[in-house]
Each structure stands twice: as structure tokens, then as C-alpha cells.
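Protein chains: 2
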Amino acid sequence: MKKVSESTIARLSVYLRLLTELAAAGVTTLASGELARRCGTSAAQVRKDLSFFGTFGKRGLGYSVPELTEALRGILGLERRWRVALIGAGKIGAALMAYQDFRRQGFDIVAVFDADPARVGTEWQGLVIQRDADLETSLQGIDIAIVAVPASAAQGVVNRVVAADVRAILNFAPTKLDVPEHVAVKTVNMALELEGLSYALVNEARGARRVTSRPAASRG
Amino acid sequence: MKKVSESTIARLSVYLRLLTELAAAGVTTLASGELARRCGTSAAQVRKDLSFFGTFGKRGLGYSVPELTEALRGILGLERRWRVALIGAGKIGAALMAYQDFRRQGFDIVAVFDADPARVGTEWQGLVIQRDADLETSLQGIDIAIVAVPASAAQGVVNRVVAADVRAILNFAPTKLDVPEHVAVKTVNMALELEGLSYALVNEARGARRVTSRPAASRG
DNA sequence: CGGGACTTGTGAAACCATTCACAATCCAAC
DNA sequence: GTTGGATTGTGAATGGTTTCACAAGTCCCG
Ligand SMILES: NC(=O)c1ccc[n+]([C@@H]2O[C@H](COP(=O)([O-])OP(=O)(O)OC[C@H]3O[C@@H](n4cnc5c(N)ncnc54)[C@H](O)[C@@H]3O)[C@@H](O)[C@H]2O)c1
Ligand SMILES: NC(=O)c1ccc[n+]([C@@H]2O[C@H](COP(=O)([O-])OP(=O)(O)OC[C@H]3O[C@@H](n4cnc5c(N)ncnc54)[C@H](O)[C@@H]3O)[C@@H](O)[C@H]2O)c1
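For the protein sequence lines, the chains are A and B, in the order given.
Quick note on numbering: the first sequence equals residues 409 to 628 in my numbering.
Quick note on numbering: the second sequence equals residues 409 to 628 in my numbering.
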């Protein structure tokens, strides 16, 4: 299989979300132009993105909504459910635990860890908070770790997560994480987004214009 | 001024964060290679990023930490404080309100809005929640709006935010937002990151390798 | 004061992603 | 059937970003 950019994968997620909505609304067929319009991209981009994975449309007609939905779910690995551990039962963690959409998309938070002895053992959003010290053993069978601890603790937690053989990490700490090359990391960095807005605000005055893409997650 | 990519701006934020840390640790001078290593990029990339905005280093020596810090703050528009409104006093909103780092970086949340009559008028994290109906008038003097309402309500809220002449939006709803071209929007989409991890997990089995960049915020 | 070690700033080259443009295909209608 | 209108899939062209490579500048030490 050829190499596919993260941009493409991110757009496939966006397409899938739209398709799910349209399916619920009873739409059965959709052309690349309409899909593109609703997702903020171009028809050519939609077709190129899909072409990396096969051919899903019918010339002259467009795409079958249920078929394309299934195809995208397959490509993205969403035909199975994923076991997720949350590390750090703080403010962000609470929001994530309460958020039902992840579950709806196939991500089950099945374990929560915290270092604070006052929290360990208490029930929280339906799960018992486990001791941070038990990470190595308790992460057996976990597919994805969400790291929601202070930045200063993040690398240490990640090292242990990696040692426990977890190969995907969603990181909320605003810090660079070093991981071996077989581990995928995505970082959600809100401060960086705010600073991007700050830049846009001061530069609209100076007359700067439309800007293009951004870097992101690392692997390795 | 030439056009600078969002990738570059995002990296400048990352550099600034590192510099702030190093300054606190008493480091006074830093070469592009070391900065790159600590930020997960290349020395050439660091120098190219900076070169869009001027020349900040000394050949043979590297960069002065305090000087480069000030330069980056200037470039990113962080020499002033920004007035931020939070719209949607839910789970995510609570995490954001409690998060002190934004304030430390120059972003002050000075108003909170919610549509739920049970919440309006109550004090919440030190601010009184205002009626959603008052948005248009109460957004006077706001620089940035954080939209943390359900996806179904987001476009409606955004239209009113734009009508109130706010020109920068940080969006947490997993939905495409239409805004006029002079308004900057950045979306934080965690579901999309999780799906990216799902893709990485199913494709490491299939032997896919390192992937490159991703799209993001739109303007216009 | 000159040589050596080091580092920046920057054109040019390489790489990657997006857009263009069109032949191939499909459906419907007659 | 055959025609017309629509839409896909994809090489080629374009546009943008990252990496390379090196001349120019700085510092230190003898
Ligand atoms: N709250 C926000 O809006 C926000 C926004 C952007 C980024 N972040 C980042 O997200 C992370 C979490 O933020 P938060 O607001 O939820 O913080 P928080 O302080 O509310 O929660 C952090 C939790 O992590 C636990 N913890 C600390 N060290 C640990 C360890 N080694 N192992 C396990 N648990 C540990 C603490 O006991 C605490 O419960 C931080 O890195 C923060 O910078 C938060
Ligand atoms: N909680 C998470 O971890 C999480 C993760 C990813 C994305 N999100 C997204 O963030 C957004 C907020 O999520 P949440 O978990 O905080 O939801 P929530 O239900 O806890 O909060 C939403 C709040 O918005 C208010 N609201 C609804 N319509 C409004 C309107 N028109 N004007 C003003 N306020 C209005 C509601 O009264 C509620 O208080 C959603 O779009 C969600 O999809 C949340």
C-alpha cells in the first residue's frame, strides 16, 4: 500500500461524519462535489483521497451513502471497538469521560488512572480510579492511552505506557513526547490554536491572507 | 509581508513554549540544532521558519533566549492581552475555565454564555453566566470566541458571534463552520485524532509507514 | 592577529499535496 | 439500441513546504 498523508486520513474522518448524518436523514446517494461542498474541500480532493484506497463510486451517479460509509469505516479501522485508558482524572479527563460520542464511534474508556491518593479507589463516572503505580500491569489489552496529566508528568507517563506495549497515544499535555517509532502519538494542543488565532488577528491588520496547512502528530 | 504557512506559525508557538521553559531554567543562548531537537523538527526548518520574519541569531553562536522569546511574542501577537468569551458552559467549558495556563499566555476569559435557563445568572468559576440571548450586545470588545456548544447549535452561535464582529473563533464542535473570509476559525476535533490513531493501529499491521502533514483551520 | 570551530541565513533542489483536465463509464429516456 | 447528461478515477501540471548545502559571519584561543 502506498503512503497516505495524514491530511487525507483527517479528511476521510470528516467525510465519514457527514455520511453518517446524511444516512440518518435518509440520503442514499451523493456526488463528490456535494460531499466536498459540505466538508469544505474540493471535488477533486475527495476523489483523490478515496482513490488511494480503491474505487467506491459509480460514474455518472456518485457514491452510495451506505456503501461509502462502510468503506470508510473499514479504512479507518472503525469496524471493531477500541479499548481506551484515560490517565489523569482531572478537568479534561472529566470532560472526556462524560462525552458519549467517543463511545458511539467505537472508543470505549475502560480504565482510569490517577496519581492522587485521594482520588484512587473512588468511583468516577462509572469506573473506579486505579493507582498510577499499577499502570504497567493494568494496561494489558489496552489499545489507546489518553494522557491528560500535567505537562511535567507527561513524558514519564508515556514511557510507562509504551513499556506496557500500548501503541497509540492521544496527548493533551502541551509538550513534545519522545516515543519509539512504532508508537503513534497525536497531540491536542489548544494553546497552539489560540496563538494561531492571535497571529491571525494581528496579521489581518497588517494585511496577511489565507494560509494553508499545519504539522501535527509524530510517529517515532 | 509574504505568506507564511500555518505549519510555520504552529511551530513558532512550540519554539516559544520551549524558550519560556529554558529561560526559567537560566539558559541564555541556544542554537537552531538544539531548539530543533527539543521541538521535534530540523535545524534547517527552525532557521527557515524564523527567516520569514527577520534575522534573530548570531552566526557562530546561536540565538539569545530572551531576545528570541520577545521576537516570537511579537510575531504571534502575544505582547498584548486578548479578551475571550466562552459560549457553552458545559463539560469542556468547565475544563477551559479552570485552566490557568491560557491566562498566563495572555488570554483572559471575561464572559461566559449559556442557553440553559437553569444555569444563566449563576456564578461559575468566578463569572456570572450570561443569557445566550444577550450574545449580540454582550460580545462588544471581545477578540476571540470559544464555541463549546453541541454541534447542532454551533453554526447558529457562530453566525451570531460573527454578527457581533468577533473575528476569531476557537471551535470544539465537530462540525464544519461557515464564516466570512475575514474571520479566522480553528477547530479542535478530538474525534478526528482518535480516528487517526485507529487508522495508525490497523495500518501498522498492514505495514504502512510514516505519514506527513494534515489540514486544519479555515479562514473564510 | 590569524586560524579553527561553529552557526546562521538563504537560494536551489527535492519532496509532497492539491488542482486540473479529460477519457472512461454509467444511467435514463426515448 | 443509441444519445445525452452527469460523474468518476487518474495521470499530468501546479503550487507549496521541507531539506540541502554552502557562503558569510562570529567567537575563542594561542
Ligand atoms: N483543562 C484544560 O482546559 C486544558 C486545556 C489545554 C491543555 N490541558 C492540558 O491537559 C492536561 C490535564 O489538564 P487538566 O486541566 O485536566 O489538569 P488537572 O490538574 O485537572 O488534572 C491532572 C490530573 O492528573 C493527575 N496526575 C498527575 N500526575 C500524574 C501521574 N504521574 N499519573 C497519573 N495521574 C497523574 C493529577 O492527580 C490530576 O488529577 C495538562 O497537561 C494540561 O496542560 C488542559
Ligand atoms: N466533552 C468532551 O470531552 C468533548 C470532546 C470533543 C468534543 N466535544 C464537543 O464540545 C462541545 C461541547 O461539549 P460538552 O461536553 O461541553 O457538552 P455539554 O452538553 O456539557 O455542554 C454544552 C453546553 O452548551 C449549552 N448550549 C447549548 N446550546 C447553546 C446555545 N445556542 N448557546 C449557548 N449555549 C448553548 C448547553 O446548555 C450546555 O451547557 C460539543 O460540540 C462536543 O461535541 C466535547
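These are calculated hints, taken from the structure and not from any lab test.
Any given hint might turn out to be false.
[Stated by the list, open to error] Keeping only pairs whose Cα atoms sit at most 25 Å apart, straight-line, the calculated SDA-like set for lysine to any residue is:
#1 B/K499 x A/T545
#2 A/K499 x B/A503
#3 A/K499 x B/A451
[What the hints assert, rightly or not] Derived CB-CB ranges, DEER-like:
#4 A/R445 x B/V435: 48 to 58 Å
#5 B/E531 x A/A506: 31 to 41 Å
#6 B/V536 x A/S459: 45 to 55 Å
#7 A/Q548 x B/F464: 23 to 33 Å
#8 A/G448 x B/E531: 50 to 60 Å
#9 B/V435 x A/Q548: 35 to 45 Å
#10 A/D516 x B/A451: 22 to 32 Å
#11 B/G534 x A/T463: 49 to 59 Å
#12 A/A431 x B/D524: 42 to 52 Å
#13 A/V536 x B/A561: 26 to 36 Å
#14 A/A439 x B/A526: 23 to 33 Å
#15 A/D586 x B/R491: 35 to 45 Å
#16 A/D516 x B/V536: 48 to 58 Å
Just so you know, even glycine gets a beta-carbon here, dropped at the ideal spot from N, CA and C.
Exercise for the section: Assess, step by step, whether the Cα of B/K499 is no farther than 25 Å from the Cα of A/T545, and give holds or violated. Expected result: 31 Å, violated
Exercise for the section: Determine whether the Cβ-Cβ distance between A/V536 and B/A561 falls within the hinted range of 26 to 36 Å. Expected result: 34 Å, holds
Handout entry: C-beta pair A/A431, B/D524: status relative to the range 42 to 52 Å that was hinted
Key = Hint violated: Cβ distance 30 Å, outside 42 to 52 Å.
Handout entry: Cβ distance range 35 to 45 Å for B/V435 and A/Q548, holds or violated
Key = 41 Å, holds
Problem - Assessment of proposed distance window 49 to 59 Å (beta carbons of B/G534, A/T463) - result: The hint (49 to 59 Å, Cβ to Cβ) holds, given that B/G534 and A/T463 are roughly 56 Å apart.
Practice task
Indicate whether the distance between the beta carbons of A/Q548 and B/F464 respects the range 23 to 33 Å.
Solution key: 49 Å, violated
Exercise for the section: Take the C-beta atom of B/E531 and the C-beta atom of A/A506, compute their distance, and say whether it sits inside 31 to 41 Å. Expected result: About 22 Å separates the Cβ atoms of B/E531 and A/A506, which means 31 to 41 Å is violated.
Exercise for the section: Determine whether the Cβ-Cβ distance between A/R445 and B/V435 falls within the hinted range of 48 to 58 Å. Expected result: About 50 Å separates the Cβ atoms of A/R445 and B/V435, which means 48 to 58 Å holds.
Exercise for the section: Please test the hint of 50 to 60 Å on the beta carbon pair from A/G448 and B/E531. Expected result: 38 Å, violated
Practice task
Can you let me know if the beta-carbon spacing of A/D516 and B/V536 is within 48 to 58 Å?
Solution key: 38 Å, violated
Handout entry: Assessment of proposed distance window 22 to 32 Å (beta carbons of A/D516, B/A451)
Key = Violated, at about 42 Å.
Exercise for the section: State, for the Cβ atoms of A/A439 and B/A526, whether the hinted interval 23 to 33 Å holds or is violated. Expected result: 44 Å, violated
Against the hints set out earlier in the document, violations occur for numbers 1, 3, 5, 7, 8, 10, 12, 14, 16.
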